[in-house]
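Chains A and B supply the protein sequences, listed in that same order.
Just so you know, the working numbering puts 18 at position 18 of the first sequence, and the rest follows in order with no gaps.
Numbers in the working numbering are just positions in the second sequence, counted from 1, shifted up by 299.
Don't read these hints as lab results, they were simulated from the structure.
Don't take every hint at face value.
Unchecked claim - Just a few of them, taken from the derived set where beta-carbon distance is under 8 Å, the chain B residues facing chain A: (1) A391; (2) S394; (3) Q398; (4) L623; (5) G631; (6) P644.
What the hints assert, rightly or not - FRET-style restraints, in silico, Cβ to Cβ: (7) B:F705 <-> A:G42: 52 to 60 Å; (8) B:F569 <-> A:E269: 56 to 64 Å; (9) A:G97 <-> B:F569: 55 to 63 Å; (10) B:P342 <-> A:H157: 50 to 58 Å; (11) B:F569 <-> A:H157: 32 to 40 Å; (12) B:Q709 <-> A:S108: 32 to 40 Å; (13) A:S108 <-> B:K313: 50 to 58 Å; (14) A:H157 <-> B:R307: 25 to 33 Å; (15) A:H157 <-> B:V584: 42 to 50 Å; (16) A:P234 <-> B:M324: 51 to 59 Å; (17) B:L698 <-> A:G97: 55 to 63 Å; (18) B:K313 <-> A:G67: 31 to 39 Å; (19) A:G42 <-> B:F718: 21 to 29 Å.
Stated by the list, open to error - Simulated coverage check for chain A against chain B, where a stretch passes if three residues somewhere in it have a Cβ under 8 Å from a Cβ of chain B: (20) 5-14; (21) 31-41.
For each residue, glycine too, the CB sits at the ideal point set by N, CA and C.
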Amino acid sequence: MIASLSYKDQSPAVKARFDKLKQRPPLLEISSLFKIFDSKAGEIVALKDINLTVHRREFMCVLGQSGCGKSTLIRILAGLETPSSGQVLVDGQPVTGPGRDRGMVFQSYTLFPWLTVKANVMYGPRMAGKDDFTNESEARQWLALVGLDKFENSYPHQLSGGMKQRAAIARALANEPRILLMDEPFGALDPQTRQQMQAYLLQIWKNVDITVFFITHDLDEAVFLSDRILVLDPRPGRVREIVEVPVPRPRSHDQLREPEFLATKAHLETIIHPEDTHAAPVFDKLPIGRMTDVGDDVE
Amino acid sequence: MKTQTRSRWWVVRKELDPSQSSILMALSFILPLVIWSVASYGPWWKVAHQVTVSAESPRLQSIYSVGDRLAPSVWKEFSTAIKEDNEEILAARKSGQPQASTARQNKKIVRQIHPIATVNGWLTREQELADDSIRKTWIDLAEGKLKATKEPLTVENLGVVKANAEMLTKAGTDWPTEALLKLLPQSSEEVSRPVYLVPPGVVAVSFWQGITATKPDAGEAGAERKTLLQRYAESWRTIVLGFLLAISVAIPLGLLCGTYDFASKLAEPFVNFFSYMPAPAFGVVLMAIFGLDLGPKIMLVFLGTLPSAILMISKTTRSLDGSLLEAAQTLGANQRQLLTTVVIPGVLPSLYKDLRLLFGTAWTWLVIAELLGFKSGLAEIIDTHGRRFQFDIVYPAILLIGLSGFFMDQILAYLARFFFPWMDQPKKGFLSRFFSGRARILGPAKQPVTSTPEAPTASPS
Ligand SMILES: Nc1ncnc2c1ncn2[C@@H]1O[C@H](COP(=O)(O)OP(=O)(O)O)[C@@H](O)[C@H]1O
Ligand SMILES: [Mg+2]
Chain A
1 MIASLSYKDQ SPAVKARFDK LKQRPPLLEI SSLFKIFDSK AGEIVALKDI NLTVHRREFM
61 CVLGQSGCGK STLIRILAGL ETPSSGQVLV DGQPVTGPGR DRGMVFQSYT LFPWLTVKAN
121 VMYGPRMAGK DDFTNESEAR QWLALVGLDK FENSYPHQLS GGMKQRAAIA RALANEPRIL
181 LMDEPFGALD PQTRQQMQAY LLQIWKNVDI TVFFITHDLD EAVFLSDRIL VLDPRPGRVR
241 EIVEVPVPRP RSHDQLREPE FLATKAHLET IIHPEDTHAA PVFDKLPIGR MTDVGDDVE
Chain B
300 MKTQTRSRWW VVRKELDPSQ SSILMALSFI LPLVIWSVAS YGPWWKVAHQ VTVSAESPRL
360 QSIYSVGDRL APSVWKEFST AIKEDNEEIL AARKSGQPQA STARQNKKIV RQIHPIATVN
420 GWLTREQELA DDSIRKTWID LAEGKLKATK EPLTVENLGV VKANAEMLTK AGTDWPTEAL
480 LKLLPQSSEE VSRPVYLVPP GVVAVSFWQG ITATKPDAGE AGAERKTLLQ RYAESWRTIV
540 LGFLLAISVA IPLGLLCGTY DFASKLAEPF VNFFSYMPAP AFGVVLMAIF GLDLGPKIML
600 VFLGTLPSAI LMISKTTRSL DGSLLEAAQT LGANQRQLLT TVVIPGVLPS LYKDLRLLFG
660 TAWTWLVIAE LLGFKSGLAE IIDTHGRRFQ FDIVYPAILL IGLSGFFMDQ ILAYLARFFF
720 PWMDQPKKGF LSRFFSGRAR ILGPAKQPVT STPEAPTASP S
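With the rest of the complex left out, here is chain B (with noise of 0.2 Å):
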């Protein structure tokens, strides 16, 4: 059949085979970052040019000083003009009339040096107007004494300074009567985005900086100084300590009342409605008992997963096969020995995804947790380096969020088949199709036994 051989896509409730699945699900990471990228990247922002370097031209309507923001189009004509003004004077060079100049016009040029003269700390912002230094450091730079490292001169501009402190040498102490070269005027590129917008190329500098930076950040004033991983570190301990404070109460109550009526009857009722309090709320209480420290940031995350957990648990239980305790009883089980060896054994992988589930939200409780008292970890980057919309620096701390949980979430799954051998294990997620290949080589056997040669009775699956 023609159509056979070719795979569809839409289907109704089909999967698809593993070639299609691994592309869409590459996909479905690539277009966010697509998305994003072409959010940030495209044409749709504004281009200005900040001037870092100005000069003044009679071809010019308007005077622009440092720091002006330019369109494009004036950007242009600001530059041209000037190069023209630059290439009259070299022509009149040339023909052996040179442009007669004012000590006046030529100063008002050398001056043009003293923003990056600022910038690199060669002068004080004062010396706006102390021509002889500004004329020494004109001097310095052509000699290579002075070198431009924050806002590095252009080879075409260097060329000019190399050209003018020739002729302000030549003059001695006066100045020149010869109409000096104009610096070509400089600017930085900004692209005008919304400031929430990084885009992701930034992002992934700030992370990777963020990740293996070695010497503590600028942190708000008197707070600590961390780097972002002792920082990420702080999170994961808040995180774990309260989660697991959670679940070592959660599992024992859930186990109870999943499988015996009289302790969810009891229980269950309460902690429902406990769990319609959310658990931020609770914030200043947890403040007031265990101070400002580690004490109530455990504690809301214990808080915020407990009585979900609970519930979840003994949802999870109850949904144990009946007919799994019902055969146990056939056989002689008593009322412990059904808890101990059916329902125990019974619940624990469904039990595992519960965690697995809840574990995931408890990052939801982490970040609130986090600004509860003393800020710490990840969310006090996010706040405090929000507050001041420092977002290149906000969203590799989120993303470190999401990646940990995505991650952990998705080792957890793939351990999933050490740990129950007698499931059959969908192989769903990401990391166990990632790793597939290589745990049929380690994992046993998991292909259900189709023929029995031995058995007189074998029967076909």
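If we strip away everything but chain A, and leave its shape as in the complex, we get (with noise of 0.2 Å):
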């Protein structure tokens, strides 16, 4: 392990990476949002003063531990949620309410229960009055892409928790979105298929020409996942930090433990968890006289 290294040391090819996508014309422009929820314990601050923009094809993940404002955030972005004030511009637009040009993916599975596979798929395009004939071939090559295509005439309750998402990101896509907006997908997979939805999003993301805007409470994840980090704190919710990604691209699950990813970790663990301390317990309190009885040699 190599202690020097800082997170923000970024290799030349990475440097070159985030020039030319700083370049790109912003998709998504978030300015001084503000979210305050009225609730009966007296109002909420769930959002404070929020400014990020994130440009074309860029894969950006928001970090923050539960109930700093992430789905707030998200749902301000998809149009189902108003803002208290400030403004979001998609591709110069100003949302007003929920629309074609963003693609959501939430925790819980969302897939219409009475919709095959791929009626589920073709339902955005259906209810732009498109052609159910071009739906359905799309529909099938969408499938195809996530990996699905053997299951589109499958009901979502047939279908493991993996392939749901999968189903709902092909869902998303098939409308054809500006931005995907994905609010902790992959939160209730268990790890292993966790990150192969993980490498499959890469995939996808790498073939599809989309804005993938990431929310998530796992660091793994981000720091796997994103080119940048916007790291939220709680209470009130607002920008703690940017965070640059350093891990060269194409990534695969190797680098978990190479010095750029563990640095940027370390990094991420020390402004997310920095009053964890309290919680170390009082042993000599608890009643466990009669463990330690049992005899010296347990370590």
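Hey, can you piece these two chains together into the complex? The hints should help.
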């Protein structure tokens, strides 16, 4: 381990990539965004003065503890929630409500259970009034892209969690959105499936001209996937830092132990869990006397 | 582990294995039947012997006449006394010194047959003392010209008849001077249960007679005569029409209330209030509006079902997973499309379940509805025969309602798997368990896909 390596040290290739990225037109612009909820317990400032620009084809992650306003932010971007103040522009157009230019994948499985996988993927184009013949052949292509072509006639309840989320991604992509919003889409999956899905998502992102705005509270996931990570501080939700990930692409899970990866993760840990120290348990107050009686050879 | 192999019956919130479940589900019906049988046939109801053929004997303190109810011990004493009398007469006859007897005494014995003769229609009630006619009856009986079908004579008594007839014929027009044999007492055994406790056997027979009857039963005087099945069909017509009418209003209204807050706020408070006014209370109003025939009956079922149907369906609609609506919105669905492509297909299975439940409660309204105006259907049977305490006729009608409601629900529950193949169907019902083997062959595969050999990122479930 090279202890001296900082997450800010970027290799020339990575630096070049970031320079290129920043020259692309901005796809998503968030400016001085506030969200305040009125609840019984008083006002909750869920988001406080969020400013962010995401460029085209960028993979952006939002990282933060639960309750720091990640979902609120992405729901505002999707148009499912209105900001208290501030503005969101997608492709230069202000967001006023849900729209086809922003696809969304939720953490809970939101496939329509009464539609087959294929019909789920065709849903968006159908709502737009496109003809069903093209919809169907396109849906097949999207399903092939996510590796579900064998399951086009299955119902969602027949699929595993990972397959459901892949179908949900295909459904969102079938609408050909400019940006894909994902709110902890792999949060409910087991670790192994989760890694597979991450690799898979990067594959899709490589093949499709799309910007990804991805929410997670998993450090590994954020570092593995993203170009930049927006770290949110909780209560009120505000930008702590925007971290540029120095891990070169193409990525694989073998990089999980490489110095850039570890350095970035270490830095994220220091800014995300600073107050975790108070939780050290007081062992001598616990009724574990009998356990220590077992013997001294227990380490 | 030893404890693992033994299946346990009492575990908090744990489903039993299928064989255990089947046993218990069968028991759930068998136990009430057993209780009913034990209550009816148990030894706690006094048995009484109602005398149908009587006799007198000097051995007895009292005289028992036809129609008397005797306790078993008294009955036994009575029968043995007469038997001993006869044995004495026969013994005397055998020894060559038959018992002498007056005409008066013998007439008394001959008259024993009178109750049987009246029951069978050979003699009238007034011919109680018409000894010549009665005497003829004995002879005809012995020759086989008459045969007691209504209140058959025992084999022993037929023997007595033959023996006595022989003596009567021998005597010509006179009365024999020798003692005649006495008819042994006969009785019908009666268990003195309370009138409402009809034993299962009787109900079963009555049920069977009811549903197989082709001739109309004797209803109330002046009322139309119909068979049980005709009345049953009437009941179905009333409940189906009333129910269909109710849900054709409640489904659109409930969907609207569950979807749009506007409709909900406008309609639901009043509907909620209205549901507290019991529908039967409007019976008289309905009769005033719709007459006395089918109209008020259908409308009562309608009125009883409607408010709860609206409230139930709107609640069901509201409980649709909101994230599905949000997902549809992000996919570009507009307001109208949300209703037609998400809300309606999404609530269908729960709506179906609601309707099943509502149909079940509609039977309650039916029974009240059928008593409005001209009584009709099964409720008429229950009402008219119930007033006469003919519970052996009342119970089959009640049973028919219960069976109809129960099986209708079970069948609908079972059919759900064909209407909604996209649902994870829990095999809970009675019928679905019953047919589960067949459903696996007919229905689409229900098992979730566990492996994806083709896809590179196959995920273990
Ligand atoms: N509809 C709402 N009404 C009131 N408070 C809300 C609402 N939605 C979210 N919040 C609050 O806003 C904060 C951020 O929530 P959320 O965006 O869901 O966090 P995260 O997704 O990061 O876990 C939380 O404190 C939550 O209680
Ligand atoms: Mg969240």
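Each hint tested on the structure:
1. Hint status for B:A391 relative to chain A: violated, with the closest Cβ pair at about 94 Å, above 8 Å.
2. Taken as an interface hint, B:S394 does not check out: its beta carbon lies about 97 Å from the nearest beta carbon of chain A, beyond 8 Å.
3. Because the beta carbon of B:Q398 sits about 94 Å from the nearest beta carbon in chain A, more than 8 Å, this interface hint is broken.
4. Evaluation of the B:L623 hint against chain A yields a held restraint, the C-beta minimum of about 6 Å falling below 8 Å.
5. For the restraint placing B:G631 at the interface with chain A, the shortest Cβ-Cβ distance is roughly 4 Å, inside the 8 Å limit, so the hint holds.
6. For B:P644, the suggested interface contact is upheld, since its CB lies about 5 Å from the closest CB of chain A, less than 8 Å.
7. Remark: the range hint 52 to 60 Å for B:F705 to A:G42 is upheld by a beta-carbon distance near 54 Å.
8. Look at B:F569 against A:E269: about 59 Å separates their beta carbons, and that is inside 56 to 64 Å.
9. Taking the beta carbon of each, A:G97 and B:F569 are about 33 Å apart, not inside 55 to 63 Å as hinted.
10. The supplied range of 50 to 58 Å is met by B:P342 and A:H157, whose beta-carbon atoms lie about 57 Å from each other.
11. Here the CB-CB span from B:F569 to A:H157 is close to 39 Å, well matched to the stated 32 to 40 Å.
12. B:Q709 and A:S108 have their C-beta atoms about 33 Å apart, which keeps the hinted 32 to 40 Å range intact.
13. For A:S108 paired with B:K313, a C-beta distance near 27 Å fails the hint of 50 to 58 Å.
14. Here the CB-CB span from A:H157 to B:R307 is close to 31 Å, well matched to the stated 25 to 33 Å.
15. Between A:H157 and B:V584 the beta carbon distance is about 48 Å. The supplied range of 42 to 50 Å therefore holds.
16. Judged by the Cβ atoms, the range 51 to 59 Å given for A:P234 and B:M324 holds: they are separated by roughly 53 Å.
17. At about 59 Å, the CB distance of B:L698 to A:G97 agrees with the hint of 55 to 63 Å.
18. A C-beta distance of roughly 35 Å is found between B:K313 and A:G67, which places it inside the suggested range of 31 to 39 Å.
19. Checked against the hint of 21 to 29 Å, the pair A:G42 and B:F718 fails, with Cβ atoms roughly 48 Å apart.
20. Check result for the segment 5-14 of chain A against chain B: violated, 0 residues qualifying (beta carbon to beta carbon below 8 Å, three or more required).
21. Here's how the segment 31-41 of chain A fares: 0 of its residues keep a CB closer than 8 Å to some CB of chain B, so the rule of at least three is not met and the hint is violated.
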